[in-house]
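S.K.: Line by line, the protein sequences give chains A, B, C and D. Here this note's numbering is used: the first residue of the first sequence is 650, the next is one more, and so on. Here this note's numbering is used: the first residue of the second sequence is 650, the next is one more, and so on. Here this note's numbering is used: the first residue of the third sequence is 650, the next is one more, and so on. Here this note's numbering is used: the first residue of the fourth sequence is 650, the next is one more, and so on.
For the record, the hints were derived by calculation from the structure and aren't laboratory data. Note that the structure is a prediction, hence the values are computed from the model and not measured. A hint or two may mislead.
Treat identical chains as interchangeable: a pair holds within one or across any two.
[Claimed, not checked] Calculated lysine-lysine pairs in the DSBU-like style (CA-CA distance at most 35 Å, straight line):
no.: 1; residue 1: 957; residue 2: 919
no.: 2; residue 1: 812; residue 2: 919
no.: 3; residue 1: 812; residue 2: 657
no.: 4; residue 1: 797; residue 2: 957
no.: 5; residue 1: 657; residue 2: 957
no.: 6; residue 1: 820; residue 2: 957
There are 4 protein chains.
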Amino acid sequence: MSSIFGRKLKISIFGQSHAEAIGVVIDGFPAGFAVDRAALRAFMARRAPGQHAFATSRKEADEVEFISGLLDDVTCGAPICAVIRNTNTRSEDYRELFDQPRPSHADYPADVRYGGAQDVRGGGHFSGRLTAALCVAGGLCLQYLAQKGIAIGAHIAAIGGVKDTPFDTVKVTAADFLGGTFPVLNEAAGDAMRAVIEAARADGDSVGGIIECAAVGLPAGIGDPMFDGLENRLSAAVFGIPAVRGVEFGNGFEAATLRGSENNDCYYEKDGVIRTCTNNHGGVLGGISTGMPLVFRAAIKPTPSIAKEQQTLNRRTGQVEPLVIRGRHDPCIVPRAVPCVEAACAVVLCDYLI
Amino acid sequence: MSSIFGRKLKISIFGQSHAEAIGVVIDGFPAGFAVDRAALRAFMARRAPGQHAFATSRKEADEVEFISGLLDDVTCGAPICAVIRNTNTRSEDYRELFDQPRPSHADYPADVRYGGAQDVRGGGHFSGRLTAALCVAGGLCLQYLAQKGIAIGAHIAAIGGVKDTPFDTVKVTAADFLGGTFPVLNEAAGDAMRAVIEAARADGDSVGGIIECAAVGLPAGIGDPMFDGLENRLSAAVFGIPAVRGVEFGNGFEAATLRGSENNDCYYEKDGVIRTCTNNHGGVLGGISTGMPLVFRAAIKPTPSIAKEQQTLNRRTGQVEPLVIRGRHDPCIVPRAVPCVEAACAVVLCDYLI
Amino acid sequence: MSSIFGRKLKISIFGQSHAEAIGVVIDGFPAGFAVDRAALRAFMARRAPGQHAFATSRKEADEVEFISGLLDDVTCGAPICAVIRNTNTRSEDYRELFDQPRPSHADYPADVRYGGAQDVRGGGHFSGRLTAALCVAGGLCLQYLAQKGIAIGAHIAAIGGVKDTPFDTVKVTAADFLGGTFPVLNEAAGDAMRAVIEAARADGDSVGGIIECAAVGLPAGIGDPMFDGLENRLSAAVFGIPAVRGVEFGNGFEAATLRGSENNDCYYEKDGVIRTCTNNHGGVLGGISTGMPLVFRAAIKPTPSIAKEQQTLNRRTGQVEPLVIRGRHDPCIVPRAVPCVEAACAVVLCDYLI
Amino acid sequence: MSSIFGRKLKISIFGQSHAEAIGVVIDGFPAGFAVDRAALRAFMARRAPGQHAFATSRKEADEVEFISGLLDDVTCGAPICAVIRNTNTRSEDYRELFDQPRPSHADYPADVRYGGAQDVRGGGHFSGRLTAALCVAGGLCLQYLAQKGIAIGAHIAAIGGVKDTPFDTVKVTAADFLGGTFPVLNEAAGDAMRAVIEAARADGDSVGGIIECAAVGLPAGIGDPMFDGLENRLSAAVFGIPAVRGVEFGNGFEAATLRGSENNDCYYEKDGVIRTCTNNHGGVLGGISTGMPLVFRAAIKPTPSIAKEQQTLNRRTGQVEPLVIRGRHDPCIVPRAVPCVEAACAVVLCDYLI
């Protein structure tokens, strides 16, 4: 197992959903950087449970305690360890999951991988809760990047079949980054999405979606070819967020349907700056940034924990039996995953830029 | 830059399109393994240029010379260095690309990244030619995996708008892996694809597509959570292939449109083996294999080098001017990218299994 | 900075001497391993401050809190995070060290490296206190190795000019591993060493020494050539302990004075086991274990913090001025470094063997 | 196995003594650097066999062929692959070594490690010949460092019991770096050393020694604490050279015999530069450079291949039997190891500085 990520900036995420705590060690963050605690708290709040009418009823203060690496809220160059205590755990909900692994959760493969020793409570180390630790690291990185003039923002591109207006990949700016707990560019689409989520919840079901993320202010020339490019590292980071099933850059899978003459982004120069007329390439070519907005999308599957009864194997009996998942689960994880995608992007860009 | 990939099995790819040679060092491959040269040659031939009527007219024997690591064609545990000489180079074609970077190629970002020192001839280190080195490594890994009962195969899932029959993600077996230079499950679709390519070529244009790859025989429990899972490493490897713009696992982006009750794959047991009724998860959950076929797809953009005239910046004049790309380019890179995707998959799985 | 070490088993150490806490994340430790807390506590006690008449008067309970990775004291496969709170800190002692960096401490180079943002209190991240975190990781690894029949033990080979009887590098067994807080093979030498330390302490001075470490039960064939051999990884780990100035394997620097015919260790076979008559090579050749006891030594410099007045630069005045170091410091760090060397060795061997 | 070393600058060494070739891939070297081929050739010549009356009679041109990464001898940012063909191999010399592994060579542990598949000819991948590949990488790094005002030089500090004058660790400058094939500061000591070697050779024996290496011009503040410091990385690199048995920094093992008041290096400032009066710390404290000359020593064991008859196990018979090693071997490897130590140092410093 390796829950460590990064080259120069290394983050090491630890914890299980129902352990004492979750957290992260951030090794390699520049010294002398003043952390804005309020901004970090605001960023974390976007991911925190209990914000939406439709979200999990598990409430966690998600108070971040920095137990090393800061001196009067300024980084001192030593590894930063941030700890978030787990306070609101109801472990009795999960006992039977040893027998009846939840469909489309990691329960079963983890059981094989760890020989039954894994912590199944609340999904253990595989829980979406671990993304709070990613958001601590990402939150600091976002602040660092902001000082370099780089902003990162994501929005809900789709939930179920309902689509938001996509970013204008040529003109997107930091002003388009809405933040908040349900960022959509088109409010009507947002309303429709909320209706889709509410309908799923009412049915004891869940629904998936797509997150679109952009980074602006990134200069050209950042990245590396082949295996250490922006696409490689960003996808490796973003797939670290549970429920992500696909990652695409620029027009992504749509490019597969186009001709080169349609897909190619031609260059022009204005005021000494080289830009492209279109941005189908999403700001990255050959692993290296072009100076155009970096744009990628992540597909998020519907929360596999649903209230509805499912028919699935009971390993004790060897029979397919009904399963009703208790515990508290979001009918749609997409809104809370938005800051996680921003965080993953921030960690990767920071790693290149420090 | 890092053209090195892997944890226990590390591959280090080197070379430029018009350098003396390209090649790969494979560090960590098990000792005592007899390499099947004929099988490797056959695998390499699937990627080699000059096979299709519509492919680049650059002919390369792509003869692989092993200059270390083998003793009478058996691995000796020392790093394996394989070299492929570049013989058929026509470097004069590329001079003007310093002035007029090709749209949707790495020419411009590489120029910023390397301060003008990069080798532009034929795309240099960014050339698709480098995937021959990946295929050497992947070819050896495929042979190793075969001994462990694991087979990997990919097919052309789509070219332009024409789609092949997808793999049956539950029932796919090694018998579905066709190999060859234009693997499609549906021959009529294959004919239509070839027509699409030919039409693009006739227009001096190019066209993209999708490659679907599956691995069968992979036991459950392979992988790691968070940043070192199958999805993380596979996507990082596959994005190392030029022209890949998106990677998705299982039903991927489609999952975003589904409800949990539709997307979840329930378990059952038969003859002591645990399987899922459906395989929307593509054989991987939480980074770890489930024992179901591993299935993922990669989006390939249309070849950016097209014969058609394009209007793009001339950096010397600062003006947008016509560009006609000379050199020899495939109107559709998808068929030749199929074994590359298999190779990337093989390298990743081998890294876990050795 | 990287306070992360390891390949498959990765430890990430965090904390500063006077931060809230120090600790370690251990990523990759096998699942299903029952941790013996009492044994770990006993191991930690050997390194803990306040054990010797002559040791620092800083008392720390060094209570290890596992906030993740354990379930009822059994490893669950998720990263293990262990935290040790700093309780007995007297930070006012260190204010002036910004002006007058302590000779032969990291104060000055750290100041240049971190631009003055480093935590100077108690040496910050450079403090010997951080070795408590290494000992947590090492303590777990020792338990794991014990299950595989591998034992690691070190003794004080020398303090000042007084030498202990060295290990018999051919016959050493686990029975020679004394543990405790002042392990010597020759008690008379131990008495003389204590006298040397007491004399240094009485003079407001300090004294260095040598630690000899052995691992027995390690099978032949463990390790790798060139840069990933036992010597490379062990030296890299052991130099992670502050105050280590040299590392040698087998007869080490003495080999430089010998002829090949004197230095070579010839093989023989007894009861089907291949051994060497002598063990000048310290159980490792070409990075790989031979099955003979692994033996190496580490040179430990005298504690640079001495009570005696020193003449050294005051950066504020630009003048050489007297410096009297306050704070609580060991006149000889060697005894407490013994378990740290064992820990470093255990972490490295575990990384190969898991 | 991993014959890959480095963080940002990664070198991947391949080859066996009697393979087609040996070589190195250098990944991450800055683009736009003009390689001085003549200087590289001169550097390589210092390590090349056949230079000394007493050295191995194997003659190798050691012609370096760059097959990638250079464009008109200027680095282009792509990985640099350098190949050295093995031309003068006499493989029949090594057949019996399967049966009778050479004392104090890697033959036996490699046999266990690789299950008998290893290439034993000439020591295979464990041969000192592989250091030629290290010297290619080191030679380029030395040129790069020279442009930054950093010079690295080593001399023969001892052979057998004969000692050269050590570097003045406070005053050493690039003028003290003699280069050549037998660098000693004291010519009389050099004569005595040559006599020691000749005596060993005449007896069919070999002799070890010590190499002292210094780097000057290295600014303060380079390095990292704990596991990524100069000591960690330098020792890991230097132990990559076959026959190295110990590494010490500054006064190293001697520090173990001193008191703090004797060992501490006090600071002073002159012309705005902070220096230390003495340099027992060898220019590095806590993993970070102090701006004083970096000084370390490596112990080199006597060549284990000696002409003299040895009594050692024949694995076929299970008996101890006489062994007479044929092949061509240096009675003292120390002189040829001098540039290798410089190369290892250069690779490490470059990795920090690029």
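S.K.: If a hint holds in the structure, say so; if it doesn't, say that too.
M.R.: Consistency of the hints with the structure:
no. : hint      : verdict
1   : 957 / 919 : between (57 Å within a copy, 25 Å between copies)
2   : 812 / 919 : within (33 Å within a copy, 41 Å between copies)
3   : 812 / 657 : neither (37 Å within a copy, 42 Å between copies)
4   : 797 / 957 : neither (48 Å within a copy, 40 Å between copies)
5   : 657 / 957 : neither (45 Å within a copy, 40 Å between copies)
6   : 820 / 957 : between (43 Å within a copy, 28 Å between copies)
Consistency with the previously given hints fails for numbers 3, 4 and 5, ordered from lowest to highest.
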